[in-house]
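The residues making up each chain are set out below.
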Amino acid sequence: MILKSILATDCGSTTTKAILIENIDGKYRLTFRGEAPTTVEAPFEDVTKGVLNAVMEIEELSGKKIIDGENIITPIKNNEGVDIYISTSSAGGGLQMMVAGVVKSMSGESAERAALGAGSIVMDVMASNDGRLPHEKIKRIRELRPDMILLSGGIDGGTVSHVVELAEILAAANPQPRLGQNYQLPVIYAGNKKAQSEIKKTLEKKVDLDIVDNIRPVLETENLEPSRDKIHDLFMEHVMQQAPGYKKLTSWTNAPIMPTPGAVGSLIEMIAEKENISVVGVDIGGATTDIFSVFQKKFNRTVSANLGMSYSICNVLAESGLDNVLRWVPFDIDRKELTNRIGNKMIRPTTIPQSLEELLIEQAIAREALRLSFKQHKEFAVGLKGIQRKRTISDAFDQTSSGDSLVNMMDLDLLVGSGGVLSHAPRRQQSAKMLIDSFMPEGITQLAVDSIFMMPQLGVLANIDKEDIGEEARNAALEVFHKDCLIRLGTCLSPTGTVKDGTIVLNAKFIFQDGKIIEKELRRNEIYCIEAKYESIQVELTPHKKMDIGSGKGESIKTDIYGGLVGIILDGRDRPIQIPSDPTERLSCLKKWSEALNEYPKKA
Amino acid sequence: MAHSYTPGLKVLKSTIVEKVRRLPIKGKVTKSVGDILSPDDIVATTDLPGNVQIIKIASMLNIGPADIFDSLKVKEGDHVKKGDLIAQTEGIFGFFKSELFAPIEGTIESISDITGQIIMREAPVPVEIDAYMSGSVKTVIPEEGVAIVTNAAFIQGIFGIGGEARGNINILVKDRSKELTENLINETHKGKIIVGGSFISLKTFKKAMEIEVAGVVIGGFNYYDLEEILGYKLGVAITGSEEINTSLIVTEGYGNIQMGKRTFELLSKHNNNFVSINGATQIRAGVIRPEIVIPLKENVLDVIKTSDSNMGIQKGSLVRVIRAPHFGSMGMVLELPPELQKMESETMVRVAKINVDGNELTIPRSNLEMVETD
Chain A
0 MILKSILATD CGSTTTKAIL IENIDGKYRL TFRGEAPTTV EAPFEDVTKG VLNAVMEIEE
60 LSGKKIIDGE NIITPIKNNE GVDIYISTSS AGGGLQMMVA GVVKSMSGES AERAALGAGS
120 IVMDVMASND GRLPHEKIKR IRELRPDMIL LSGGIDGGTV SHVVELAEIL AAANPQPRLG
180 QNYQLPVIYA GNKKAQSEIK KTLEKKVDLD IVDNIRPVLE TENLEPSRDK IHDLFMEHVM
240 QQAPGYKKLT SWTNAPIMPT PGAVGSLIEM IAEKENISVV GVDIGGATTD IFSVFQKKFN
300 RTVSANLGMS YSICNVLAES GLDNVLRWVP FDIDRKELTN RIGNKMIRPT TIPQSLEELL
360 IEQAIAREAL RLSFKQHKEF AVGLKGIQRK RTISDAFDQT SSGDSLVNMM DLDLLVGSGG
420 VLSHAPRRQQ SAKMLIDSFM PEGITQLAVD SIFMMPQLGV LANIDKEDIG EEARNAALEV
480 FHKDCLIRLG TCLSPTGTVK DGTIVLNAKF IFQDGKIIEK ELRRNEIYCI EAKYESIQVE
540 LTPHKKMDIG SGKGESIKTD IYGGLVGIIL DGRDRPIQIP SDPTERLSCL KKWSEALNEY
600 PKKA
Chain B
0 MAHSYTPGLK VLKSTIVEKV RRLPIKGKVT KSVGDILSPD DIVATTDLPG NVQIIKIASM
60 LNIGPADIFD SLKVKEGDHV KKGDLIAQTE GIFGFFKSEL FAPIEGTIES ISDITGQIIM
120 REAPVPVEID AYMSGSVKTV IPEEGVAIVT NAAFIQGIFG IGGEARGNIN ILVKDRSKEL
180 TENLINETHK GKIIVGGSFI SLKTFKKAME IEVAGVVIGG FNYYDLEEIL GYKLGVAITG
240 SEEINTSLIV TEGYGNIQMG KRTFELLSKH NNNFVSINGA TQIRAGVIRP EIVIPLKENV
300 LDVIKTSDSN MGIQKGSLVR VIRAPHFGSM GMVLELPPEL QKMESETMVR VAKINVDGNE
360 LTIPRSNLEM VETD
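Top line first, the protein sequences correspond to chains A and B. Letter 520 of the first sequence, counting from 1, is numbered 519 in numbering that gives the first Met the number 0, and no numbers are missing. Letter 200 of the second sequence, counting from 1, is numbered 199 in numbering that gives the first Met the number 0, and no numbers are missing.
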């Protein structure tokens, strides 16, 4: 069934964003978008008001009638309304969860992965071996007041007592939900099957208990789906019902409302699977930075809850240290003056950089926020821990163990950035440079930004679970993702290895579709940019014998790459990028790298 | 007429302030609608469940979890005193018995033969909520708390630390551009809310803390000095639960910035009056700014004056620049051009043209704050 028009909204903490997707000549395209302030809080206390305002903006721009009184018209009748309406939500602080597992690095980590994958913020991970005494854990649970708790622990048939102990701690804490005092806190048990009856006995009277399949039935397997699905169900049934206006919103939508990051994650997962690529997606917001990745077909999401560009900007400074921020600032500034300026951005989060100097400072902080978030992501996106592996004599000198990071930058195919500082940077070169400086891609990596952060809406569209429209909705989501959502910046080519300064690290030959050929020798510590639009370009890459561009040291590659609004960026800097500590040298380096990309107006 | 919505901080000479005073869990409300309250009056009480202690009976007595009922001398619901015998093994021929005594006074909440442990709960902890400000009870939220209203002058700061405090206002500077220096504070300010002008240094604030001044209201403070007061780097502006004697309310921002004229004048007008303040700040969705509530003598039913900022910035509005460059400058809006304009940073934004001391400046509207006038 062809969908003529699809309306999708994302109710964020501050803004509700609506998009209209229409089928034009057999192709799905984003046609109009509108936004309005979110109305979850006083004086409105009804999320649907903000939704209607955002949709009204679309009505005005498109000249189409979508709303009838205080309702969205679905399906289309007499050329009015839309075929389907769907929504995501992160308003009111999103979904806040606490998870618990017996061993922190095993069931605790699996539970955290399930909760994050479902789109929640994990407030704390409690485990039998987390070093806290029972009364400390009880105090913490009482203080946190999460929306939901996921309890796991033990493999099926294993020891019962540890996970029951955790349940006893939960029962003793008698946790209260964050929103509303009139319902019991939802708790999902996803642990050892053998302990189910004891868990029931311990918790049934105190909380609203749901039991699903074990998250870690055997050590070697992680089974996240049942927990993730249950989190989504409970999010709709309990948490959303407490938030003002959501009952009405739920009655309007043709598919369950998803937590915003859950929808983004599921879209990225789908794209990686369909195109058989490794992807990293990042959304840097005012308060948090979300990172999604798919490596070796495994999806991971992390939320760096206090790394953001406005509300949490001072925390970036606190966590990275002033020196790490300052190393990216291409001019001299008094340290105290800088901290006061950053502090003022935190307390007046809606202000924007007017002067170039202010922009440079913000983008320096963004680099650190992204770097730290990605570091946290790499530490979390690991293989399962606690698995015994057969080792041969050849492994004896290999120090790897279970739980290695799945993130391998040489394998990364596509890096997508979103969030104000990346999507709305005055020059696209700035977005590309911030992504490269903080993620430090290796080998051949395509770069893109999400133009208006419509991944949440496309994610929920891709997740419609209805026989008659599900497949078509997925196709629509994919088409719009490629055509309208992503702004292609280009491709970064970065060989890795260790050579002396001044050495040629890469010889590259580009054959364009119009027959034009460009050859370039890239030296260590040099950046070079070739203008190239978004089309397939043949490339022959020959790295120095000690350098690797993807096939091993000194191994050449012939492949096709894509240009974009910035072009092809050859990055000969070390990994990690080395910035000189000498102030004059540092400024000269930053200037040279920046000019290579035409990153800023000449004044900088 | 073109206008732009720019949130300004409230500085109101007379308004109706409503505060909801709510218990963390359900309990008993002790006041009724219409009751006249002073700040220290208790409006609701409850008992928080007592702390729990988990006692690992099986491992301490070296027995299997399933056998603990054979050794226990207590059952669920029993009240025991500290030192009471709670478990004892049979020993061998009546000898070598192991015994366990209650480590705290409390109630046996649960016993588990799966984990081999018991949970003891201490006596409930009573919690009381006071009125915080003088006023009258407008509504009662059954079992949860009350809403209190009062006719008051009301001032919001931009950022604060420390929770609720109250006391008489003392203006310590002659001019709003003057720094609040160490020599201006003395023992007589204990329990008072002191008001300075443009800035307070770390050293001076420490002196205020030593003297146990109830609160400091000031134009500016250094961000990097917060660490020494709080003991940690403040990463996000969510405050209010800091355990400090002296609450701090910053009205303008970080750095040395003279206090807003209207704020300073309103505070000066109420010099020596009794006020309630709260440094709690939450700069997230659901923003909470620190506040100063100055209850007025007049009847609650007086005409309510609302903030001008609700109407947004218009031609002729008095505004303040809240970001560098020109941070702190005040001016009059000359024009609000509808089209986007390119800034030096190349950001395309909606702007306002303002007159600052005879000079015309073009400033992004997002970087302006309304200064309210009567």
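To be clear, the hints were calculated from the coordinates, so they are not data collected in a lab. Where a beta carbon is used, it is the ideal one built from N, C-alpha and C, also for glycine. Honestly, I wouldn't trust all of these hints.
[Said to hold, decoys possible] Derived SDA-like pairs: lysine to any residue, alpha-carbon spacing no greater than 25 Å straight-line:
1) A:K193 - A:Q240
2) A:K590 - B:E108
3) B:K25 - A:Q240
4) A:K64 - A:N128
5) A:K193 - B:D112
6) A:K3 - A:H481
7) A:K138 - B:E108
8) B:K232 - A:I276
[Stated by the list, open to error] To list a few chain B residues with every Cβ distance to chain A over 12 Å, as calculated:
9) P38
10) T44
11) D112
12) A122
13) D174
14) N185
15) V235
16) E241
17) K260
18) R288
19) E338
20) M347
21) I362
[Unchecked claim] Incomplete in silico selection of chain B near chain A, CB under 8 Å:
22) A65
23) K96
24) F100
25) I107
26) E108
27) S109
28) N221
29) G230
30) L265
31) E345
32) R349
Requested in this report: Could you tell me which of the hints above the structure violates, numbers in ascending order?
Outcome: 1, 2, 4, 8, 11, 15, 18, 20, 21, 22, 23, 24, 25, 29, 30 and 32
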